[in-house]
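Trainee: Listed here are the chains, written in short residue letters.
2 protein chains.
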Amino acid sequence: MQLVNADILAAAAARLDGRLVRTPLVESDRLSTDLGVRVLLKAENLQRTGSFKVRGMLNAMLARAAGGDLPAGVTTFSAGNAAAATAYAARLLGIPAVVCMPPGAVSAKVEAVRRYGGEIIFTEHLLADWEKVSAERGYLGLHPFDDTDVIAGQGTVGVEITTDHPDFDLLLVPVGGGGLISGVSAAVRAFPPERPARVVGVEPATANAMTHALSVGAPTPPPVRPSSIADGLAAPFAGEHTLAHVRAYVDDVVLVGEDDITAAWWALMDATKLLVEPSAAVGLAALRTGAVEVPAGGTVVLVLSGGNAGPAALAKLAPAAG
Amino acid sequence: MQLVNADILAAAAARLDGRLVRTPLVESDRLSTDLGVRVLLKAENLQRTGSFKVRGMLNAMLARAAGGDLPAGVTTFSAGNAAAATAYAARLLGIPAVVCMPPGAVSAKVEAVRRYGGEIIFTEHLLADWEKVSAERGYLGLHPFDDTDVIAGQGTVGVEITTDHPDFDLLLVPVGGGGLISGVSAAVRAFPPERPARVVGVEPATANAMTHALSVGAPTPPPVRPSSIADGLAAPFAGEHTLAHVRAYVDDVVLVGEDDITAAWWALMDATKLLVEPSAAVGLAALRTGAVEVPAGGTVVLVLSGGNAGPAALAKLAPAAG
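Residue numbers (the working numbering), protein chains in the order written: chain A, 7 to 328; chain B, 7 to 328.
If we strip away everything but chain A, and leave its shape as in the complex, we get (with noise of 0.2 angstroms):
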């Protein structure tokens, strides 16, 4: 299996450079203060259609044009973030976008893909009606994390980190199917920060794709099906190339509780006055509750993955606050 590396990272970043947000590294004088250890923070946030889903989409689409010929449509299969990423970054190359999506999806993130002019079929059969779909319309498939060219896309967040910052200590990543982590620990390994860093994902307890897998060696939904607060995590599964690069490249998954992220989002958006959603603060989380160490005095960096929170996931703030 093809693992991300220099040469694919930087083919990526100079696929997306100009055509998406360069994205913030910011520090956080708040939160460095109560936790004690220097917090930066990777804005994707504030990337276009408010996550970082839309680098490794638009990276796929391009890296796929066969004889610099775009492919005639895309489609992929999303509850999420993914579903308006594939939307607007096929809006920005001028083709058609289909994708599928649970008859339960959130409103917010149903209009997102509208607003970018995707097309929508809602079926409980993802995967399936996937496949037949891009067959039938003779559409490029993306898978929204089990692809290199995705993991390459979304690797290009820890080119621009260890560019903008090569001297940190942890870098803390949220995992769902585990594309961003996969791409970001291949960044860090590829282009070295300048002194030994670890990269450790971080899942929900009650979302924990990637920790199954690693427990079992192969990336089978785990037994009792992922649900969270941390909705942009609870990917049914890991995929064989994220499994694949996070053995090869992560040095530990973590897991926090549906309370601690619960807490630690509003203290991350309290402190940096940014909205983020809640999967964006399980790095925060795993901090705040001793799932993982930073070195006093040490550096960490913390992806905020997206941004796309709505008012009714923020109305359940307001209990957890007090």
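The set of hints was computed from the structure by calculation and includes no laboratory data. Take these hints with a grain of salt, some might be off.
Each pair may be met inside one copy or between any two copies, as identical chains are not told apart.
[Stated by the list, open to error] Within a straight-line C-alpha distance of at most 25 angstroms, the following computed DMTMM-like cross-link-like pairs (lysine to aspartate or glutamate) qualify:
hint : residue 1 : residue 2
1    : Lys138    : Glu117
2    : Lys138    : Glu246
3    : Lys322    : Asp265
4    : Lys138    : Asp75
5    : Lys322    : Asp40
6    : Lys138    : Glu125
Using the hints provided, position chain B relative to the given structure of chain A.
Mentor: Chain B only, in chain A's frame:
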């Protein structure tokens, strides 16, 4: 009465330089597309303490350093952002702060004062007890908005806007007691943009202290006690200094309704992924409702005055967003 001018503003900017955040002026593609004009946002939610208020308080403390000696301590009265700003600025200078707050002040605002080491006196008689404690302690009493030095400090927001983007048609500023718009409008007159620009204030219709003061020609309290979801703008009265600045420098003050503020608040956060308080959204509400107009193809600057929205406030978004 001394109106703030270029020299006073330049002195304030020099005092604050390097002590506070030089907040970014960010363009919003989403809002620009939605409104058909170019939309720039001055992100004071990213300022220390989460609002512009700290500029005025810190400038006033430094400006009043008689013979180079800081005051022995400072006092103010406020239900909100000015309280935390005063505590923060005093701590930065190593002097004590006492803040008179109403008993019903939002807990997040109370906690913020305590976080920065401020002493709180809860009282129904804000003005009287503020004057009393200032005299008893021998501390410098700072009015939260009706003070030339405070206005000059808030005016550095305007200095930064005209420096960063000296080419806009309309500047929309939230109005409570009027300190922010007084300083910002003075800056636009002192350092004029490249083409004629209007400065327009926006008040909640239910918290219209400045509109009332303009209509009666004096800063008397309006007949109905101000109250709004934009709690930061519910000043009980305007000030003599702020009324004079608004008369001299501001083109218009317009009103927006509560539902329009709530809808604009969510639209603003969704589009920008910045956490802001409802007060910060009144400018967008005025644009969306047509209370103020921008020439087609023009550029509008919105001052996002603060980001201190707590979970209880955010929970109010759920019904509004449907």
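Trainee: If any of the earlier hints don't hold here, list their numbers in rising order.
Mentor: none
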